[in-house]
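Dock chain W against chain B, hints included.
These are the residues of each chain, in order.
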Amino acid sequence: ETGVTQSPTHLIKTRGQQVTLRCSSQSGHNTVSWYQQALGQGPQFIFQYYREEENGRGNFPPRFSGLQFPNYSSELNVNALELDDSALYLCASSPLAGAYNEQFFGPGTRLTVL
Amino acid sequence: QKEVEQDPGPLSVPEGAIVSLNCTYSNSAFQYFMWYRQYSRKGPELLMYTYSSGNKEDGRFTAQVDKSSKYISLFIRDSQPSDSATYLCAMIWGSNYKLTFGKGTLLTVNP
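If you read the sequences in order, they're chains B and W. If you want the working numbering, it's the 1-based position in the first sequence plus 470. If you want the working numbering, it's the 1-based position in the second sequence plus 1.
A few of these clues could be false.
To be verified - Okay, the calculated beta carbon distance ranges per label pair:
no., chain 1, residue 1, chain 2, residue 2, range
1, B, R521, W, E46, 19 to 27 angstroms
2, B, R533, W, E46, 38 to 46 angstroms
3, B, E523, W, S53, 29 to 37 angstroms
4, B, G510, W, D79, 22 to 30 angstroms
Said to hold, decoys possible - Some but not every residue of chain B turned toward chain W, in silico, with C-beta under 8 angstroms:
no., residue
5, G510
6, G512
7, N525
8, A569
9, Y570
10, G576
11, P577
Keep in mind that the hints were calculated from the coordinates and are not lab data. Being a predicted model, the structure only gives us computed values, none of them experimental. All C-beta atoms in this analysis are idealised placements derived from N, C-alpha and C, irrespective of residue type, glycine included.
One chain only, chain B, in its complex shape (with noise of 0.2 angstroms):
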């Protein structure tokens, strides 16, 4: 059984590009959730995924968009990139929506704007 997995570990991007952040669930996980840390904070809640669709969604702005695939693993996407985006993003998987007690964190992908 395969934790979660993220790539790339790290990236480097200027202002107003954009950037795509990629997570593999564990096995059988079929919810994936994003948060954004940044340094020295907590991490936020972006979105979470549930068998494909959107389950709910933080104060994050629109240019924040994601998609899950058939086999559970999920994209993050951010347009129009910001100097506030550099963070570290986490994403977490579970067997089900709402499992926290079974939520697993990916190492993150840590992003810097430029």
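Below, chain W without anything else, positioned relative to chain B:
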């Protein structure tokens, strides 16, 4: 006022000390309470999960919830250098999908 408040520290203790980490919250609807440990350059790892007032023990870790005071704590007994990490409290209510985290407390246990 933020929904979840957590003292960011840093907190430095000698090996073997008892560590107390705390969070307060303002949303009385929160029902489920979690503590995560996050090592540098890693994702958070769930340590404790509880949904009722009182204490829950797991090895050297004890989670305490006081819903009347809107206050949760994590105690670490016989702390080890390997416990050095950032500790995050998190909470959620009902069928809500949104996990709300505190800022995290950076703990260093010195040998």
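Tested hints:
no. : hint                                 : in the structure
1   : R521(B) x E46(W): 19 to 27 angstroms : 26 angstroms, holds
2   : R533(B) x E46(W): 38 to 46 angstroms : 30 angstroms, violated
3   : E523(B) x S53(W): 29 to 37 angstroms : 32 angstroms, holds
4   : G510(B) x D79(W): 22 to 30 angstroms : 28 angstroms, holds
5   : G510                                 : 7 angstroms, holds
6   : G512                                 : 3 angstroms, holds
7   : N525                                 : 6 angstroms, holds
8   : A569                                 : 10 angstroms, violated
9   : Y570                                 : 6 angstroms, holds
10  : G576                                 : 5 angstroms, holds
11  : P577                                 : 5 angstroms, holds
Hint check: violations occur at hints 2, 8; the rest are consistent with the structure.
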